[in-house]
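Trainee: Assemble the dimeric complex from its two separately framed chains, guided by the hints.
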Amino acid sequence: MSLLEMLVAPLRYPFMVRALVASVLVGGLSAVVGCYVVLRSMAFLGDALAHAVLPGIAAGYLVAGGANRRTLFWWALGTAVAVALGVEAIGRHARIKEDTAIGIVFAGTFALGIALISTVRGFAVDLVHVLFGNVLGVSAGDLVLIGAFTAGVLLIVLLLYKELLVVSFDPTFARTLRLPTTFYRILLLLLIAVVVVVSLQTVGLGLMLAMLITPATTAYLIARRLGRMMLLSAVFGILSGILGLYLSFYFGLASGAAIVLVAIGLFLLVLLSRPQGPIVRGLRRSRG
Amino acid sequence: MNEAKRRCGRRRSRQPVVHDAQAPAVCVQDLSVAYEGTPALVEISFEIEPGERLAIVGPNGAGKSTLLLALAGLHPPSAGRIRIHGHAPQGHICIAFVPQRSAVDWRFPVTVEDVVTMGRVRRLGPLRRPRTADREIVRRALAAVELTPLSERRIEALSGGERQRMLIARALAQESDLVLMDEPFAGLDVSSRDDLIPILTGLRDRGVTLLVALHDLGLASAHFDRLLLLKRRRVGFGTAEEVLTETALRHAYGSCLRMVRGEEGVLVVHDTACNDGAHDASGGGP
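Protein sequences appear in the order of chains X and G.
Under the working numbering, the first residue of the first sequence carries the number 45, and numbering increases by one thereafter.
Under the working numbering, the first residue of the second sequence carries the number 9, and numbering increases by one thereafter.
Hints in this document: simulated from the structure, not taken from any laboratory.
Be aware that a few hints might be false.
[Stated by the list, open to error] Calculated pairs, DMTMM-like style, for lysine to aspartate or glutamate (alpha carbon to alpha carbon, straight line, at most 25 Å): (1) G:Lys239 / G:Glu249; (2) X:Lys141 / G:Glu57; (3) X:Lys141 / G:Asp113; (4) G:Lys239 / G:Glu55; (5) G:Lys239 / G:Asp113; (6) G:Lys239 / G:Glu250.
Excised from the complex, chain G in its bound form (with noise of 0.2 Å):
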């Protein structure tokens, strides 16, 4: 099982890479990205451990969209590099990245397996129809996310959330080791967003590496490992103590903070007037 997991892919031509076991999950070095010359990450370097999860924070236009492009393989570097599990993203097709706003039509006509059993599609090859592991691998995937009640349901039919848990149980179908997901809670309500955060959690369980680009720091700094603060070069890496600083959150978000110093620590006010997206204010470290 493990042995079969580690090699990311199938056996034929264009054969995908085979993990470096002794390989950091995530390793960036010196990466900077830009859109026709506009630099929009500059000198990026961090690594993640497999199993780790790492949020990604930062005011918009940070580069938080961006860093997951390049990561996937979607969006190639201008200068340093990516190894994922020790080779480069291109190489790999258990990378699942879920985009804030996917290009997915929703009125499609496809059930919620439908679209779980298209994370098998490639280890399946072509010409090949999914067999009863597959269907098996499905089913449990679906389980893994409590979508199974809704299985047979038209994707058009599904909430917020049911959608983003979804999408996570494609990547499972993948067998994915590596999960993107871009700003997962947006527009969720909070019984929707509570669903959602046990799910994200449990993929540690399976030896899934998380990364996720977030705008709330307050659930950045409760349900994951390490922060990664961005405002085109890194201005944070570590722990939510070592990184949501007075010093680091000025840098990065500018005049849109209020530090207040109140009895429990340091309250950080992060006013949402100064950027387009809907922010919440949320509690700092000590």
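So that you can see chain X by itself, here it is in the shape it has in the complex (with noise of 0.2 Å):
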């Protein structure tokens, strides 16, 4: 088989081609966004707001009765909304460090999204797609709600670019040019949110870490401007979720972890590659 029709192979499959436009709007979505988390040392918050959708998750079930994944959706969507507004909350008024407050909400929800999961028989199936992701069941309905958030994160990180990276670099700046500080410190914790409960299909909560910090990062060790640092995340978020997909194609992996997989591989070729990387010092010794 030619590398030609092992590309297109997958492609005629309908669930595939959906998995791929997923995989690539989440990837290219939450590597962006996740550049905000990596500047701004919010890693452990952004998995915290994943793991804290589980209730949510459980909770809806229990509610409207079955895995509606619509019907999920939203109530994913409200209640990483509500988290991120309670450690701001918490963090602001209660005299406790931010990571502690953090660390109590996240572990607490999770248990919560556990204890309400275990008064329902037959939600284990389910348990591993909200866990470790299904992108390959992502139905055309989906798609139109993930591109149609995807569009107006990014919209939002575009139009406000300026003003979040004046917050995010200097804050005390940023005070005295009197700008909302704390509202777009909020902004960003929303925008977060959403990134995490659109990604959820994709990567499941268990690996939206690695979706929101691994491109970012490794943009970061070689791009010497924000806006370039954004592109070259997208462009490894996006390379990862399609490598991931056909890594899972013929492998038979787990989507979710082929495509974090692929991340984490990029990563470290970008960190052992780059000029002041172990790699090029050493050509430049073994030649001079």
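Mentor: So this is what it looks like as structure tokens:
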């Protein structure tokens, strides 16, 4: 089988085409927003948000009486937004360090989710999908939802680029410019919450963090400016989505895990092969 | 140009204040500031005219940084009032504040030019991108601090002095009328310090008022129009000759100070062991 045939073969299956579109959208979106997660050291918060979605999904399942994905999506989104605002409020008003507040909320909501799920018999199979994603099960309706949210989040990131940059880079300076810094911080939390929920079906909440921070960190290693970092991050995220799906198709790997493994492979490749890295230095040494 | 500069702002909603031409650049009356009940500054009053350079001096914990924070509108006074060009600081977008340890992450992927362009953000307003006029302002600001050759460099590659100059350029791009700096010379080597001084003194020609918190009494008396000596309260305010008297210095620095009467006046030796900062021995008044 030629390379071209190998690339085209999976596209005969409509579910693979939908999965590819979803992976491209989610890979690109989480990689762009992930740049802020990396630069503002919010990785723990991103992971917590992903896990905190679980009770929302369980509650949606109980209330709606079944795994209607559209219902679960909105329940997950509501929970993510509530948790994001909750962490912000605890961090601001209680005398607790932010990572501690996140830890409490993170473990607490996850436990609540598991407790709720344990009351439902037959949820076990669906739970695996929630934890590890099921990109091959994406429907056309899911794609519309993913596409709409991806476009919305990217539009906000683009329109408020310079404000988000100033607020992230130098909060004190942003305050002397009398920019509404609290508004932008909460906005960023909400954007991350949306990304987490949109990515849920692709990689699942267990591997979400990798999609947020791995492509962004890979881009950080080589980009000089934030705009370029976002662009490169999106490229790495999309590439991971596509390559991961093909790996999953040909080797029968879990798709979410395959996508994350490609993202990490790209990270290692860039880390080792950039000018300061050991490969280039080794070549230079052997030459001269 | 002048009219535009006086406006200190833009046209749309949440409009920043218009400067009062008759008012002093900075007017502080009976200002007290406290942190959770502990007083950091008590009943400070002073006035500064536009274009003046004021050095705020005093021992560690005297309230120098607190005063700058309050002037920038970043920490609320517990009593008294602050007027910048006739209005409360919170209404201004033309106050540039450079803290000693800024919250800046120096590994952030931005170039020198990107950071200076941030000075334009509020004047542009949301949804707008910098235009030719903004880029020209940024270019001139970079030239004024002699960073034009480094404008494309990522900021983590800058030295301490270059970082301070970049932040001054950002203040210029902000069209700042009041620049507040906290220990800008801390950690700089002598040559970086000597590069920074003419840039700071040159701000006067642009009509910029400069308030700098300093440890070094020598630098304060050599390069600033007036000194404000603090120890929670105002110990002295005026020219270096007026402020740096034996009584005032003894009051502010207490036993950390040794004065030696020499042929060319009084030599003030500031004992660094009393504080954790790096202090210099410096020459005082006659």
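Trainee: So which of the earlier hints does this model not fit?
Mentor: 2 and 5
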